[in-house]
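S.K.: Residues per chain are reported as follows:
There are 8 protein chains.
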Amino acid sequence: MHDRGGKHEKTADLGDVRLDLDRRRRCGFPEVVFGESKDVATLKRVIQRLLDDEQPVLITRVSVDKGTELAAAFPAGRYNAVARTFVVGTLRVPSEDYGTRSVPTTCGRVAVVTAGTSDMPVAEEVRETVEWMGVSCDSVVDVGVAGPQRLQEVLPRIVGSDAVVVVAGMEAALASVVGGYVDCPVIAVPTSVGYGASFGGIAALLGMLNSCAANVSVVNIDAGFKAGYIAGLIAKRRVSK
Amino acid sequence: MHDRGGKHEKTADLGDVRLDLDRRRRCGFPEVVFGESKDVATLKRVIQRLLDDEQPVLITRVSVDKGTELAAAFPAGRYNAVARTFVVGTLRVPSEDYGTRSVPTTCGRVAVVTAGTSDMPVAEEVRETVEWMGVSCDSVVDVGVAGPQRLQEVLPRIVGSDAVVVVAGMEAALASVVGGYVDCPVIAVPTSVGYGASFGGIAALLGMLNSCAANVSVVNIDAGFKAGYIAGLIAKRRVSK
Amino acid sequence: MHDRGGKHEKTADLGDVRLDLDRRRRCGFPEVVFGESKDVATLKRVIQRLLDDEQPVLITRVSVDKGTELAAAFPAGRYNAVARTFVVGTLRVPSEDYGTRSVPTTCGRVAVVTAGTSDMPVAEEVRETVEWMGVSCDSVVDVGVAGPQRLQEVLPRIVGSDAVVVVAGMEAALASVVGGYVDCPVIAVPTSVGYGASFGGIAALLGMLNSCAANVSVVNIDAGFKAGYIAGLIAKRRVSK
Amino acid sequence: MHDRGGKHEKTADLGDVRLDLDRRRRCGFPEVVFGESKDVATLKRVIQRLLDDEQPVLITRVSVDKGTELAAAFPAGRYNAVARTFVVGTLRVPSEDYGTRSVPTTCGRVAVVTAGTSDMPVAEEVRETVEWMGVSCDSVVDVGVAGPQRLQEVLPRIVGSDAVVVVAGMEAALASVVGGYVDCPVIAVPTSVGYGASFGGIAALLGMLNSCAANVSVVNIDAGFKAGYIAGLIAKRRVSK
Amino acid sequence: MHDRGGKHEKTADLGDVRLDLDRRRRCGFPEVVFGESKDVATLKRVIQRLLDDEQPVLITRVSVDKGTELAAAFPAGRYNAVARTFVVGTLRVPSEDYGTRSVPTTCGRVAVVTAGTSDMPVAEEVRETVEWMGVSCDSVVDVGVAGPQRLQEVLPRIVGSDAVVVVAGMEAALASVVGGYVDCPVIAVPTSVGYGASFGGIAALLGMLNSCAANVSVVNIDAGFKAGYIAGLIAKRRVSK
Amino acid sequence: MHDRGGKHEKTADLGDVRLDLDRRRRCGFPEVVFGESKDVATLKRVIQRLLDDEQPVLITRVSVDKGTELAAAFPAGRYNAVARTFVVGTLRVPSEDYGTRSVPTTCGRVAVVTAGTSDMPVAEEVRETVEWMGVSCDSVVDVGVAGPQRLQEVLPRIVGSDAVVVVAGMEAALASVVGGYVDCPVIAVPTSVGYGASFGGIAALLGMLNSCAANVSVVNIDAGFKAGYIAGLIAKRRVSK
Amino acid sequence: MHDRGGKHEKTADLGDVRLDLDRRRRCGFPEVVFGESKDVATLKRVIQRLLDDEQPVLITRVSVDKGTELAAAFPAGRYNAVARTFVVGTLRVPSEDYGTRSVPTTCGRVAVVTAGTSDMPVAEEVRETVEWMGVSCDSVVDVGVAGPQRLQEVLPRIVGSDAVVVVAGMEAALASVVGGYVDCPVIAVPTSVGYGASFGGIAALLGMLNSCAANVSVVNIDAGFKAGYIAGLIAKRRVSK
Amino acid sequence: MHDRGGKHEKTADLGDVRLDLDRRRRCGFPEVVFGESKDVATLKRVIQRLLDDEQPVLITRVSVDKGTELAAAFPAGRYNAVARTFVVGTLRVPSEDYGTRSVPTTCGRVAVVTAGTSDMPVAEEVRETVEWMGVSCDSVVDVGVAGPQRLQEVLPRIVGSDAVVVVAGMEAALASVVGGYVDCPVIAVPTSVGYGASFGGIAALLGMLNSCAANVSVVNIDAGFKAGYIAGLIAKRRVSK
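Protein chains in written order, with the working numbering: chain A, 4 to 244; chain B, 4 to 244; chain C, 4 to 244; chain D, 4 to 244; chain E, 4 to 244; chain F, 4 to 244; chain G, 4 to 244; chain H, 4 to 244.
Hints are computed from structural coordinates only; laboratory data are not their basis.
Owing to the predicted nature of the structure, the values given are computational and were not obtained by experimental measurement.
Each hint should be verified, as a subset may be incorrect.
On the chain B side, residues computed to face chain H include the following (Cβ under 8 Å) [said to hold, decoys possible]:
| hint | residue |
| --- | --- |
| 1 | S40 |
| 2 | T120 |
| 3 | M123 |
| 4 | D141 |
| 5 | V144 |
| 6 | V146 |
| 7 | G150 |
| 8 | Q152 |
| 9 | R153 |
| 10 | E156 |
| 11 | P159 |
| 12 | V162 |
| 13 | Y198 |
| 14 | G199 |
Just a few of them, taken from the derived set where beta-carbon distance is under 8 Å, the chain A residues facing chain G [to be verified]:
| hint | residue |
| --- | --- |
| 15 | R21 |
| 16 | D23 |
| 17 | V43 |
Glycine is no exception: its CB is placed at the ideal position from the N, C-alpha and C atoms.
The shape of chain A in the complex, shown without the other chains (with noise of 0.2 Å):
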């Protein structure tokens, strides 16, 4: 946490926003900025706060046209237009800011598995968050259990990963299937990938709910983000006694 004049602030008020400065202390991580309400002016107010503070910054939900700004105004940071992130210092996080604990630049691993191509922009969004955290990620792309032989061909990318996400839409029958086949917790991530009776992410979402596999747990539809935090927090956990 940044010292301005003496004394440590917990939160910032920018008006319309007020950022927890804080978040990185107590949870490891900073705040993780959710972009899609949130108009250019204040994205760029918003970092330059958390720069200004020395911590790394991930906008999720960033459009194509706010991250074409942002990535003018911060040259140093990169904008996926895929998974609709922008990220500014990302790599080489000092780790003597993590406090107490120490922290390797790069450390843990986590596979990111999805069942279709429609799911990509979730599985970037969940690759871009991991590796933000200092965490390695494999994406391992359009492995549906139509075609059987295709996840044993990958498997092999996915057992003994820290932790794995997997990213589906329709029935997410993916999710059970890789949970069978690894002893690492599985993060499964519905997407909004289908039509008619999918409604729009439910079908996945229930399916991924009331997976038989033991060591599936579930987050909101489409929630790339969050799947590949706690992905993250899994992998770096194990290696940051």
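Dock chains B, C, D, E, F, G and H against the given chain A, drawing on the hints supplied.
M.R.: Coordinates of chains B, C, D, E, F, G and H only, in the frame set by chain A:
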């Protein structure tokens, strides 16, 4: 169809039941009777009337109490307490009854596959129905996807069927997984097995409707009879040219 | 399956698509591609790869823009703007490709029946799918039950099919009514046609799932491809002994 | 309306019940009492108060226990255990009570049609209500659409009614089919008959609301009284000019 | 019904439309056409065919674009942009067309009542339908219950109608309140007016289905045509003895 | 707050219950205990602890069995079997306990209005809560809108209250109608009264949430305590300046 | 109420709008107009009529286009583009207009608290409404519970209000948390902020309805006006004895 | 895995149960058995087979009747009537069984936190599961947010855990609040506690899925076992490098 006094009756008016005696001619099989909301007296009249017409009888959703009474009244019948079915005259369907098409006494092959032991009553209803239609039926139980080697071990019993019925509750991933391995239609039966967000079978129903496998169609929750009937129709047609 | 350098590949890794080349061997027909969320470049790669493997191609949910581009790129292909399908190589499926079972070039008969004119796009997707499988298909349109003489007039075109697909929105009563007249499986497709309490096809879906006709199974809302595929499987099996 | 001490009372305050004695003047018929949540003592007070006011009595949703007690207390009354109704004073409604309009003692014709035998209790509630209003009622039972010849056989009993009540559960296709044959209003009553995705009558309710027949309106699930009341109103108006 | 070459046709096959020319004989009024999913060319063919058969025409859900084209093509017709209806030949229905029953040219009285100004389009669809049937219709608008004196002020225009149509969104309390004041059937139309938990009319629909007034039946959300049609049927029957 | 050994405790750890002794200081009234899932032994410990702290006690959702035991154990308490409440120390709330604000022993006025007799248990829970808070409460029962003169007759008892609680099931139109007559907040309690499409109170809940009256807010289905508590807070504040 | 020609009118019939001029007498404040479905011409007529009657004006849900036109037409008015409100005559409400009760020009205190910046439009609608009623309003924004120190820092601005409005989407935990800290009613407004399983505000709505804090009642999703109005009523009553 | 006759079996076919003996090798822990739909005889066979294979046993959802029988049959086992679990062989998991990774006998730390006393059964299922996995577990009960000081008082017992399980019904705000204080994953379990609009846990489920805290993932309603299992996996991995 039985000739009563020189005239083929299409409907038998039994007071509160209007029995469709013409069903066999139009649809290939006699009317199957839903037993849940009918008392034993009514069921006896229905059964007797069908037997008078020389039509084989299948009653579904028969409670143990009613089943015991029916078995006593019709010693030629058989009550299955797990399936909750009562059958009279399944075997030895006279092939000449089928009109223009010739039907062998026993023919075709259906596999019924369950995800867990709780799906047994529905699977038994499937099996009773299929066998009543003169089709052989193989029950493969408890091969849910969380233990993926289990399905692999029994695949030879499933592949090569004329139709497969998959019975599963919770997230019902098994329907999609089986669908990816076979070249015949899969009829999926969601079951009300599960708790919480399984919502009495809705999660399984939605999962099956959204199956990524192209050969999966769906029937109502716990509708073992209907799934068995459709599987039987497919198996029967195949051999009845 | 095509032999590429002496070795049968089961999966083609095209980057964001992992094509299931083994589908035809396992399931009887090549992988059909869901076109909605894939861009034209990806679709072209997929089509080319399937053609390289000498597999007939069916792409569904292809918008007019994409369809026009694909038709230009693959002059042997045919785009159906109502069905939103793109087909290459439907006809003249080499029967020797089917492995141990011998399949005639054209065989079986499916009827697709619609309740109203608004159900036409789904019915066309059914027809394109059935014909791509080498099965003949008769479209019977606008015979909703409010004008009951209409169905009576066309019944001879429906009775005697190997399978019937009923396409209907709103209350979808047509599925049950047709089911009562035929001796083959009925695959019911609820459509998102209607307004208010049709809830984008939910009313039709529930109606079809609760059909009092024993031979009716159901697929997802607007899932013309899946219904056609299953009907085609049934018709094909019947003649492929 | 009875004159109590020279003054017409509009409301009778019976403690926990505030009886609407003015209903008959405003709406043509006395207040009908929903019996489900009232104890026998309360029901007796209500009945006595209506009789004191010379208003014919209809109580609905009366359990067998309560019905037996009421029948003992009011020997002129009649309890129908299937319909769960208790009636006193149905017949011989004094026509002079209807104010300016003259109403014959018995008039009009309603048909109540059911899809299956399980719909009987609701159909009986319809019939009791219609007859209590002094309208004749013909019950046509078990003509569900899966046996299409059944409806054809009874159509002459339905066509020509002043109003038709269709009582059906499951997919409730019967309402639309009947609606296509008649030139009078059809009041559709979804029933909670069925299982699984019938969702206690929701499927039937949605089906009826989305009926493609223009003359179909709908009442609450199992609301036999309301459907009968509206049918009675229509039949009564027709003859009461 | 028009005699084409000595033979009464019951159905007109117009390609994608199968017009029910027999509707008028069976149901009292010609088929009304749902215009939403039909293009102008189809609508023109339908209208011409009905006019050739000397049947008055009502098309509903006609967008402004289509309406303008139809009005140009059929100068005798009238397009109502609020109701989105197109009518040809409403007035002067030849009474001899109604077969055995004699119907006066204009007769009966319907009141349509709205809760708010946003319900106007649906109310206008009701009015156009009622008047097309040869029944007079009085529109009483914006009498929602939050200002209770408003309904009191207009009650004399409502009481005494043959049928009342109540059009309301949000909580739709108006249907019950009006129901308590009249002695004729009330047909309630929930509208999709509102926001949030009105869920596009579901709240209003449920409110109307659960109305404590015994004379209220319900049609689909925004189904002005159907409500008007049923109200017209009731008004017409009353005078057509 | 009671002083135990010179120190004000904020929380009492009773094993499986962690009682909030500080509630009264923060929120104006002591913690009210939800009795449904607690056994009698636990409830006794909770009551004793509150009495030790000189805080008046209100337990809700107390079954008759538990209520009888509690009444025996705490003779100063009073069990209301309709409301399912147990109260000790309601009357004579020492005003000095309220800290900085002075509260008279009895003050303010709340009216609770029900649509039907079935709403009585919830209305009684409201009344018990309001009176426990030292506010007077007038119960006005069975004034549903189908008999509109009934509300008119009792309006003088409602107008002029500090807050009105409307308790209604089914379509719950009463909340909006009452809201249009008063100048104070209306707290609406949907009840699970009704059948079919009332869906256990959902119809009433949605109706109340969509009320066109601006002064209506809503609490959970059957939440008589909460509605009474909020009404009591409003009445109390008004007089506690 | 304005005297037009010696007679107090209760309702103004403006064609498609029936304005409730009596609302102020009955309910304490003039009718507030829902602007969403009314065109500018209608709104102008409504505003002018209210001003003629000397009633202060509040129009909600006014789009920017309409707001700009209204501001030009009524220079004394003020359009708030975030709140989408148009106000004329908020300040200086003549206290003699309130009839028998005396109301000071400005009085009471309401706090509106938001969980995130996306809730701003609803919070602004709350504030505009409260201030139009002559009550002061303090906006406390972006104090969602994930950064718990934020609420602690602003608690002094919230505690001591006459009523608190909590505006929150997603899981809406803030309502319960705030409810635990204050001794006045909390009116909770669920917002449609969020994605996936927030279902347009349903998750927040359910969360608020199930709040474990006893002082929380709920209004419709995004219903800022209604929450502000109720909070204003409470604050106003407190000071208007 | 036990060696039976020189061969490691992966599956044990027990008739209606197909036990996954390979689960421990693939997933780190033996198959846990869902006891709800299995009779005692079946459970005994399952337990014996697992013990024969030297795998520690955990059965969930065991009713008191079954639990008593099992405890008699396996004296080494322990039945927890609150948690409804039966455990044999929890302690002294031989670390050499875990293959390549070394696992200490007891390790890691999980906190389970409940909102109310009604959540106890689920919390106990969590604790039994965690401890069966050889991880220590601290239960912190009844710290719902309406009494905010309660969570503050117990925070030291929660912060510093390897994973936290939050068990809450109703609005489930506790998950988000706890999530804001800790730097480890939070697994949220919605419970079916509550009434009315809690809808058997749906409100809690949606609240948890929409949590604004980034570290919260969710399992099925009342799924204490699954939450405990995932928490145990996280705690175990952390120490098992």
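S.K.: Tell me if the interface restraint on G199/B is satisfied: Cβ within less than 8 Å of some Cβ in chain H.
M.R.: holds, 3 Å
S.K.: Taking the least C-beta to C-beta distance, is V144/B closer than 8 Å to chain H?
M.R.: holds, 6 Å
S.K.: Quick check on D141/B please, does its C-beta sit within 8 Å of some C-beta on chain H?
M.R.: violated, 15 Å
S.K.: Does the CB of Y198/B sit less than 8 Å away from some CB of chain H?
M.R.: holds, 6 Å
S.K.: For the hint on M123/B, does the least C-beta distance to chain H fall short of 8 Å?
M.R.: holds, 6 Å
S.K.: Tell me if the interface restraint on V146/B is satisfied: Cβ within less than 8 Å of some Cβ in chain H.
M.R.: holds, 6 Å
S.K.: Answer holds if the nearest beta-carbon of chain H is closer than 8 Å to that of S40/B; otherwise answer violated.
M.R.: violated, 25 Å
S.K.: Have a go at the R153/B hint: is there a Cβ in chain H nearer than 8 Å to its own Cβ?
M.R.: Given a least distance of 5 Å, the restraint on R153/B holds.
S.K.: Can we keep the P159/B interface hint, with Cβ of chain H closer than 8 Å?
M.R.: Since the shortest Cβ distance to chain H is 15 Å, the answer is violated.
S.K.: Holds or violated: is the Cβ of E156/B closer than 8 Å to a Cβ in chain H?
M.R.: holds, 6 Å
S.K.: Double-check V162/B for me: the hint is only fine if its C-beta lies closer than 8 Å to a C-beta in chain H.
M.R.: Nearest chain H Cβ about 18 Å off; hint violated.
S.K.: Given D23/A as an interface hint, is its Cβ closer than 8 Å to any Cβ of chain G?
M.R.: holds, 3 Å
Comparing the model with each numbered hint stated earlier shows that hints 1, 4, 11, 12 and 17 do not hold.
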